[in-house]
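Chain B: place on chain A using the hints.
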Amino acid sequence: MVLLIQDEVITLRGWLSMEEFLDVYAFGNALPSPIATKLASFIGFHVSGWPGAVAALAGVAVPTALLLILVAGLFMRHRKNRVINAIIEGVRPVVVALLVLVVWDFFAPVFGLTPADWLGNWHLIVLAVLSLVLLLRFRVHPVPLIIAGGAVGMLFALLAA
Amino acid sequence: MPEDTGDAQTEDLPLRGSGLIGPLAVSFLRVGLFAFGGGASVIPVLRAELVDRRSWLNAEEFLDVYTLGSTLPGPVGSNLAAYVGWRLAGWPGALVAFGSSVLPVAAAMILLATLYATYRENPLVEGFLTGVRPVVVAMLAAVVWEFMKPALGRVSDGWRFAAKAILIVVMVTLGLSLGVGAAWLIIIGGAAGLVLFR
Numbered sequence: 001m002v003l004l005i006q007d008e009v010i011t012l013r014g015w016l017s018m019e020e021f022l023d024v025y026a027f028g029n030a031l032p033s034p035i036a037t038k039l040a041s042f043i044g045f046h047v048s049g050w051p052g053a054v055a056a057l058a059g060v061a062v063p064t065a066l067l068l069i070l071v072a073g074l075f076m077r078h079r080k081n082r083v084i085n086a087i088i089e090g091v092r093p094v095v096v097a098l099l100v101l102v103v104w105d106f107f108a109p110v111f112g113l114t115p116a117d118w119l120g121n122w123h124l125i126v127l128a129v130l131s132l133v134l135l136l137r138f139r140v141h142p143v144p145l146i147i148a149g150g151a152v153g154m155l156f157a158l159l160a161a
Numbered sequence: 001m002p003e004d005t006g007d008a009q010t011e012d013l014p015l016r017g018s019g020l021i022g023p024l025a026v027s028f029l030r031v032g033l034f035a036f037g038g039g040a041s042v043i044p045v046l047r048a049e050l051v052d053r054r055s056w057l058n059a060e061e062f063l064d065v066y067t068l069g070s071t072l073p074g075p076v077g078s079n080l081a082a083y084v085g086w087r088l089a090g091w092p093g094a095l096v097a098f099g100s101s102v103l104p105v106a107a108a109m110i111l112l113a114t115l116y117a118t119y120r121e122n123p124l125v126e127g128f129l130t131g132v133r134p135v136v137v138a139m140l141a142a143v144v145w146e147f148m149k150p151a152l153g154r155v156s157d158g159w160r161f162a163a164k165a166i167l168i169v170v171m172v173t174l175g176l177s178l179g180v181g182a183a184w185l186i187i188i189g190g191a192a193g194l195v196l197f198r
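For the protein sequence lines, the chains are A and B, in the order given. Using our numbering, the first residue of the first sequence is number 1, and each one after it goes up by one. Using our numbering, the first residue of the second sequence is number 1, and each one after it goes up by one.
Okay, chain A solo, but in the shape it has when bound (with noise of 0.2 Å):
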């Protein structure tokens, strides 16, 4: 999607050059949520100030989000239907594949591709494994485990400085 909004706002419409594009979505990288809101809010609000960034939010996220009230409405209303019910039976498994995908394309990123690179970040791999035993095991809640994740990270950058 970031590749759309690219062509969109730097290419057709030339309200960003591609430098300030990037410092945009380096910042919003930093934040929470998904990056189409961040990146739309901020450039609405750069083009035509609160009036802009509002239009530019709705315009992303609104038609999507009445999508799928529409059919995720219509999809519980014929639940029972089998056609349907097969059909999402083979669905739920890629979903899953897709989310392994996901976690593989992080390991990466985060914690290094050589054994090497693991070995250096030993703290970030232990916060990993002590995150899924605490998510698993003790059903701790994520939203401590991030604060938590947060505070050991900038106790390590205060300790190396």
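No lab work stands behind these hints: they were computed from the structure. Here a beta-carbon is modelled for each residue, glycine too, at the ideal position from N, C-alpha and C. Among the clues, some could well be false.
[Claimed, not checked] Chain A residues, not near chain B, derived (Cβ > 10 Å throughout):
| id | residue |
| --- | --- |
| 1 | L3 |
| 2 | I10 |
| 3 | G14 |
| 4 | S17 |
| 5 | P51 |
| 6 | A116 |
| 7 | L119 |
| 8 | G120 |
[Unchecked claim] Under the rule of at most 25 Å between Cα atoms (straight-line distance), these lysine to any residue pairs were calculated in the SDA-like manner:
| id | chain 1 | residue 1 | chain 2 | residue 2 |
| --- | --- | --- | --- | --- |
| 9 | A | K80 | B | L194 |
| 10 | B | K149 | B | V169 |
| 11 | A | K80 | B | K149 |
| 12 | A | K80 | B | E61 |
Positioned in the frame of chain A, the structure of chain B alone reads:
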């Protein structure tokens, strides 16, 4: 605060309850504020809120809603927020859930952008994100595990269970080795379902 929505069944939709507006706002605020690390990272927080904490959806329903959400375009967090809000409390619920999930961070983007120039190299900010990322990886791995049961069914389902397990392996392989895109994998999966599970 009424939290008596233990069984969000699919038969009577939407479950109207103005008492849910507050909890909806709170839950989706958390989703918006703590989903670090890209689109997929909303899932663990969403699941923890909707299934574990609020019991608004059970595990199967959550997987199905997420499945539908991931087949459609658009930011998955706000899409799912709108749907869950709508289902629980009609259009006011949809609006509140949607708004709670996107507005705080949208405002933060705008208001903090000027600060970014000053703080971009700040080691504490870097440190925070570096610490958060492994947790996010763990959260996603945990969700994969939690999705296994509703996705695979019971072992006693026999060949269906085996077929679904094989499907997961095949899809991961296709994605990794041939770089097949998500859309195609979903189409193949749906077709497989149609053929195998009708």
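Right, here's what the structure says about each hint:
{"no.": "1", "hint": "L3", "result": "holds, 13 Å"}
{"no.": "2", "hint": "I10", "result": "holds, 18 Å"}
{"no.": "3", "hint": "G14", "result": "holds, 20 Å"}
{"no.": "4", "hint": "S17", "result": "holds, 16 Å"}
{"no.": "5", "hint": "P51", "result": "holds, 12 Å"}
{"no.": "6", "hint": "A116", "result": "holds, 18 Å"}
{"no.": "7", "hint": "L119", "result": "holds, 15 Å"}
{"no.": "8", "hint": "G120", "result": "holds, 12 Å"}
{"no.": "9", "hint": "A/K80 <-> B/L194", "result": "holds, 14 Å"}
{"no.": "10", "hint": "B/K149 <-> B/V169", "result": "holds, 15 Å"}
{"no.": "11", "hint": "A/K80 <-> B/K149", "result": "holds, 20 Å"}
{"no.": "12", "hint": "A/K80 <-> B/E61", "result": "holds, 14 Å"}
No hint from the list above goes unmet by this structure.
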